[in-house]
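Produce the complete structure using the sequences and hints provided.
Protein chains: 2
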Amino acid sequence: MTDAAPRRRGRPSRTEAEQGPAARDRILAAARAEFSERGYDKTSVRGIAKAAGVDPALVHHYFGSKDEVFAAAIEISFEPALIVPAVVGEGPEGVGERLARFFFGIWENPATRAPMLAVIRSAVTHEAAAKVLRTFVLRRLLERVAVDLDVPEPKFRAELAASHMIGIAFVRYVVKVEPLASVDKEEIIAMVAPTLQRYLTEA
Amino acid sequence: MTDAAPRRRGRPSRTEAEQGPAARDRILAAARAEFSERGYDKTSVRGIAKAAGVDPALVHHYFGSKDEVFAAAIEISFEPALIVPAVVGEGPEGVGERLARFFFGIWENPATRAPMLAVIRSAVTHEAAAKVLRTFVLRRLLERVAVDLDVPEPKFRAELAASHMIGIAFVRYVVKVEPLASVDKEEIIAMVAPTLQRYLTEA
Chain R
1 MTDAAPRRRG
11 RPSRTEAEQG
21 PAARDRILAA
31 ARAEFSERGY
41 DKTSVRGIAK
51 AAGVDPALVH
61 HYFGSKDEVF
71 AAAIEISFEP
81 ALIVPAVVGE
91 GPEGVGERLA
101 RFFFGIWENP
111 ATRAPMLAVI
121 RSAVTHEAAA
131 KVLRTFVLRR
141 LLERVAVDLD
151 VPEPKFRAEL
161 AASHMIGIAF
171 VRYVVKVEPL
181 ASVDKEEIIA
191 MVAPTLQRYL
201 TEA
Chain E
1 MTDAAPRRRG
11 RPSRTEAEQG
21 PAARDRILAA
31 ARAEFSERGY
41 DKTSVRGIAK
51 AAGVDPALVH
61 HYFGSKDEVF
71 AAAIEISFEP
81 ALIVPAVVGE
91 GPEGVGERLA
101 RFFFGIWENP
111 ATRAPMLAVI
121 RSAVTHEAAA
131 KVLRTFVLRR
141 LLERVAVDLD
151 VPEPKFRAEL
161 AASHMIGIAF
171 VRYVVKVEPL
181 ASVDKEEIIA
191 MVAPTLQRYL
201 TEA
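Chains as they are written, first to last, in the UniProt record's numbering: chain R, 1 to 203; chain E, 1 to 203.
Worth flagging that the hints you see were computed from the coordinates, not collected in a lab. Be careful, since some hints might not be right.
Claimed, not checked - SDA-like cross-link-like pairs, simulated, lysine to any residue; straight-line CA separation at most 25 Å: (1) E:Lys-42 to E:Thr-135; (2) R:Lys-42 to E:Arg-198; (3) R:Lys-185 to E:Arg-198; (4) E:Lys-42 to R:Glu-37; (5) R:Lys-185 to E:Thr-135; (6) R:Lys-176 to R:Thr-112; (7) R:Lys-185 to R:Arg-198; (8) R:Lys-176 to R:Pro-110; (9) E:Lys-131 to R:Glu-37; (10) E:Lys-42 to R:Arg-46; (11) E:Lys-176 to R:Lys-185; (12) R:Lys-155 to R:Ala-86.
Right, dumping it as structure tokens:
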């Protein structure tokens, strides 16, 4: 066992285990890449550890099970989405358009689109992944959005808005049905913003 | 080779090959069940043939490749959806609510929900399935809906409406986020119908 070749090695060196935050970040980055590329099913703790250049035991040490690594990895993907409350918090005027623009900002950027697609793919095919999405991410996110809404049943309203955005993502980026797949995002925003505005602000 | 045991046999009898429409229907029913239960990836022509009690060659004879069996199987699933043009064709007044009710009629019925979920699952995880959905089903369906709409860019409008319905299905039936997963469908229809009405009728 030497200190060289910190990546793609079977066992961690003491040095790696000691550099906690760096190793943890490396594991998360590897997990995000593995889940994006391979999907939930084909990703393993062992594969994540290998890609991160650490021992699988270190992955378990930091995160526990595969589900928990998945939760942590997709929380990173959703971090931009956690800014949504700020979008909503600016006040009711124009919130529909701000939310639509925010959404397309994430989806039109390939770097953030890939992990979002991975999350949708995993959630659709694996109940474990769907549960993680439901429990850790959507609930927290939508609860934070709902807090700022002055409408009856704010969580229901926030979910209706989110469901429209998710459906557009499905048709535009996953199934790629024309013309929705190619139309300029401004055209979509012009149509969708009033819908979100109504859901989020009108009693 | 005997005439007994028409199901779960490796090779087809002459009788089976001759009873064309019955065998074809049985293959389609088997394909629909296999794709629903196993997903696109794990379903094989061989498995479909076995479930239908025919020789795989007969599946190829009637449908060609696995993709083509998939297309035929999901076209059956979408048959109710092909009534949508009638929903739209009744005229602009109340079309948003009629479309929302039609959609929930499909999704709230477990018999029609299962194949729809299978289609979404397959399309999300396999480009081949997404292409089939895009090419054979959504394009034909949405083109037929669009024909009856008196708005600018009718196909774009039909897709926006469809995307909202698909997104609600994703959040309510796939990820099952509360409260949207449990709320009475009438509450959703009351909120969504005006959105669909606007997309499908307002210039």
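Check each numbered hint against the structure and report the violated ones by number, ascending. 2, 11
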